[in-house]
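Take a look at the letters that make up each chain.
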Amino acid sequence: MNIRPARVDDLMGMQACNLQNLPENYTMKYYLYHELTWPQLSFVAEDQGRIVGYILAKMEEDLSEGDEPHGHVTSISVLRSHRRLGLAKRLMVQSQEAMATVYRAAYVSLHVRKSNRAALGLYKDTLGFTVRDIEKKYYADGEDAYAMRLSLKHLAR
Amino acid sequence: MSTALDRQIRPIYDALDTQSNKSAVLACNKVLKKQPNNVLVKALKALALVRLQKVEESLLLADEVLAKKPTDDGVLTAMMHVLRGLGRHSDIVAMFETAYKQHPQNEDLGTQTFFANVRVGNWKAAQQVATKMHKQFQDDRYLYWSIFSAVLQANDMATPEALRPVLLKLALRLISSGNTPSYFNPDRFYVHLLILRELEMYDDAATLLNHEIGQKICETSLVCDEIRRDIMKLKGACKQEGEQAKVKILEKKDRNWLEFLSLLDATFWDIASTSEPASEDVKAAVTEEIAKTRKVFSEAATVDGLKDRSGLLALLELEKRTKSHGLWTDACEIRMMAENYFSQFGDKACCYEDLLPYLAFEGEELEQWTSFLNSRKSFDTPDTLQRSINVYKLLRYNLTSAELTPELELARAQEYIKVYLDGLKFGVNLPDTELQPADDFAILVGHAYVSLWKLTGEESHLQSAAATLEYASARSKQSYRIRLLLIRIYHLLGAPALALDHYRLMNVKQVQTDTLSHLILSRAAMWSLAPLGDITYMSECMEASQIYMSNSTEVCNLLLILFAIVMTNIQTAEFIARAFSTERYSQIIDFIEFEDRLDNSLQRDLMKVEHVRMRVAHEPLNAELVDMELIELKFIFDRIHHDNRDFEVIPNYQPRCQPSFNEQTLPLKPPGAGWLSAYLKVYIRAFQEASDLDETVEDKLLIGDRPKPSNDPENQLPLRERLVKKRQEEIDDLSEDEKLFYEYTLALSEWVGPYHDYVRPPPSALLAEAAKSNDLKPGHPLKSMAAAANGSATNGHSKKDEEPPAVKESPELIPKFFDDMKSRFDAVISGTALPSELLHIVATTQEAYLLFALETVRFKPNSIIKQYKFGQLAQSFKDLRVKASSILNEMSTVLAKLGEEVATPDGRKAFVQASSSIQDSSGFDHDFVLGVAKKTTDARKQTYEGIAKGLAKVVKNHS
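In order, the protein sequence lines correspond to chains Z and V. Those letters in the first sequence? Residues 1 to 157, by the numbering used here. Those letters in the second sequence? Residues 1 to 959, by the numbering used here.
Take the hints with a grain of salt, since some may be wrong.
[Stated by the list, open to error] Chain V stretches covered by chain Z per the calculated footprint, using a threshold of three residues with CB under 8 Å from any CB of chain Z:
no.: 1; stretch: 307-319
no.: 2; stretch: 590-602
[Said to hold, decoys possible] Computed from the model, here is a short list of chain V residues facing chain Z with C-beta under 10 Å:
no.: 3; residue: E251
no.: 4; residue: R255
no.: 5; residue: A349
no.: 6; residue: E353
no.: 7; residue: P357
no.: 8; residue: D439
no.: 9; residue: V508
no.: 10; residue: Q587
no.: 11; residue: S660
no.: 12; residue: N662
no.: 13; residue: Q664
For the record, the hints were derived by calculation from the structure and aren't laboratory data. These figures come from a predicted structure and were not determined experimentally. In this text, a Cβ means the ideal position worked out from N, Cα and C, and glycines have one as well.
Chain Z with its partners taken away, still in its complex shape (with noise of 0.2 Å):
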């Protein structure tokens, strides 16, 4: 296993992890916008040459008057078969760290499914992140999304 930062041709590995794990796929030029613009903050997990699990992060672009600069999590994915090993943890960690240092994020958010629970268990119980709002029907079909926070002030150098 072996975690590095995502690269542009690594987009079509990354789509596989999308089969299942994410209803609401994004563009791909939403994949290789990030890509570009905030190259530190993506990555991939690799086993044995196949990409079996990916996070998509970026800096938030429109800050409301007076919120410090952010990061959020685009998407995190993790391939069935490579589940319970840690590695959407391992994913998440190397991502906040890029954001704290390389763009003094203050705090990371995201927006999980209500009905995810393992997903709502990674983020709360073992990454600390705590529930800020519920935002009705962020999801295409409908389903309501908790948005999480977590704050990376730790994390700054």
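Following the hints, put chain V in place on chain Z, whose structure we already have.
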């Protein structure tokens, strides 16, 4: 610009901005009335026109503007969009070059010229522009633009082999001419290393890398570190790398698998690096190294425990390599380690794939391993369920052919069903978005039934597989793996509509269409009901092709951003510098590679050919179709393709002595580059003969750039010669029926070709007609073939001096082909072949008939027959057509009857009875199986009847 003029021009921009192109044209005309020579307004009008698809008018204006050699920013920008709309990228380059020449001190024009060249991949010119800019503006970034352009030129397919080192040496010289050393930033350092690697100057590279700054850069820059690894390996410094890796693993707790591989490579270096047999001394030394490495890995494994599996996996790999190098190791060592691994990580889903490379056990080892696994079955908790799934998969993997009897496989299928149904209890309360933990047991059921079908040839097993998997799919809606199996099985069962349903439910989009659309679009023409006007598969092709269109412009734009960022990198604020200081040049390479993989995707052009095959069945065979497809297929013909199709995604848990599930369930060998080449030749030949466009005409009428010619010597031959050349690679890729078809098409065009050449109007006549026709759009078909076909063909048909070619009898191969296909059909009908095979035969015969129609449409009008004394030829055509028609009609009748039989209550009952084995095991009630049976039989009926009607229609349309 004067205020008055500004006031007049503003409305034009406003109209263009809001896409009100018609009012933009009006606004332009208003200004042009007073100032007929205003270049900017002309350019803007050309832009509005091209957006309105008035290509011809836009073209005229554009040429006028270009002739004025514009240098004004507004004109250049407008023209860039006009020319892009016309597909004339090389004219954009020329325009900026001309402008830059007039104002060599204008940095912006230089940059634009450079970018224009980048856009078309014209690296040589880009390099020259950048060099000029570097001299003029004395900025190192332009030096690196020029260096990197030279590197890209060296990498370009079109660059001759001998020129490559010259370019790289030039680049290297340029680096040393810079004001700052390359490690000024990681990107430049990367470029430097890249050049040294390509030139095989490993020692020089190592000197740079061992320098303090070089080491620092590699610690923080991934791409530099990657290339460092690569260079060290090429340099043969494996042992040194191994030592470093050891330190990283033990002291820094680095669990990057690449470090483990480095240490493994170093351990075996003395044996693996030479081809000579190792002496005893060497063997002893390596054995000692192995012991040391084993200690390192064991330590890592002990420290990590359940936290990381790298240590244990590395130990397995170490034993495997030891054995493969013929060094002494205890026979049971690998098995013990596998057992150890299983004990620790057996409840992880990845365990099965982790262990596969190490499990080729035989004899006693296999017995022990099997009994070890058998003792680990348990179904008490979700964790032990996952462990049991691994047990079942691992047991299945090592089954021997003696154990694969129909009886035993059936017993296994039933056991898998039982544990599957039992395992469902762990997922009762899961929401719809979650997968069932027991899914993989259902997938195993599918595998067992497919294997049963392979063993016995009985279709009923496929039906049982379909029923079970449908059941599982309904309970685990997000499981794309279950759907993948169903897609394959439904195709085999002749129910493509159901396969398509599952494919659509997988929600494949974006880049996935490139990697996965093969699931439903491989040889899709054989399922298509296009002759009846059902364009489902045609639209599926079009939709899937969308990504290539949008991608091209997308990647191009991003490429430009990359260069631009490099530019801002050094100048703008610290923040951006920090954000963008890594990986720029390497990203440019990545982008170019990515674009190449998509642009020249094999699947993309396979879909194009499928679309053409269906279009020919769907539409009248007129000039519009023929000319347009001819041009498009010729564009594709020279591409060197990348196969991005993903077959690995299809689960495989078949025993290692059997082919994979993917291989077992392919109706035919998947079409590859050879197949594509064969079919491109078939259709280009046929279109070329049917068309009035010859190369000179095409050149004159086609606007926009041609694809870059590739360097392959084969491609230098004249097109006509290449089209009739059969290559072994092509033949190998075709099915038996397709081989016959390929021969048939060759014989057909060889026979009919000379008559076409004689009757085809001369280029001069065509061009004259094209000039006359006002609404003719460039790149669009000529009307002349339609004119020829409807009999008013005297226009453009000059009297020929030579006599028409003597009429020859049809080659024997042509009628024989239809006879052969008829007997193939009869044989399959009376046997137990699958629907997919039957439909393949039918589709191939229909395609042959359509090509015959395509090749003879020119000779249909009585006036042509009379004028060229082709009476005898017409008679031969007629005889053949009658013969082929009657065979197609017969096939149609038989298929229609089969369709009726299939969907009767009796037919369904047969299906349900066939699936009786899955009903025995409780849980699947009669009604559920009946439901699946009804769906499957209805879908098959729909296909059979549709194709039967389609055949009749094709015959009627072209009789």
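A quick look at each hint next to the structure:
Remark: the stretch 307-319 of chain V is confirmed as covered by chain Z, as 4 of its residues place a Cβ nearer than 8 Å to a Cβ of that chain, reaching the required three. For the stretch 590-602 of chain V, the assignment as covered by chain Z holds, since 5 residues bring a beta-carbon within under 8 Å of that chain's beta-carbons and 3 suffice. Look at V:E251: its Cβ only gets to about 19 Å from chain Z, farther than 10 Å, so that hint breaks. For V:R255, the interface hint holds, since its Cβ comes within 10 Å of a Cβ in chain Z; the closest pair sits about 7 Å apart.
Because the closest C-beta pair between V:A349 and chain Z is about 5 Å apart, less than 10 Å, the hint holds. The interface hint given for V:E353 is met, as the beta carbon of that residue sits about 7 Å from the closest beta carbon of chain Z, less than 10 Å. The restraint placing V:P357 at the interface with chain Z holds, with a minimum CB-CB distance near 9 Å, inside the 10 Å limit. A hinted interface residue such as V:D439 counts as satisfied when its beta carbon comes closer than 10 Å to some beta carbon of chain Z; here the least separation is about 9 Å, so the hint holds.
Given the 10 Å rule on beta carbons, the hint for V:V508 holds: about 8 Å separates it from the nearest Cβ of chain Z. With a least beta-carbon distance of about 6 Å to chain Z, the hint placing V:Q587 at the interface is held under the 10 Å criterion. Here the hint on V:S660 is broken, as its CB sits about 16 Å from the closest CB of chain Z, past 10 Å. Using the Cβ-Cβ criterion of 10 Å, the hint placing V:N662 at the interface with chain Z is not satisfied: the shortest such distance is roughly 15 Å.
Residue-level restraint check for V:Q664 is violated (minimum Cβ-Cβ distance to chain Z is 21 Å; threshold 10 Å).
When the structure is compared with the earlier hints, violations turn up for hints 3, 11, 12, 13 and for no others.
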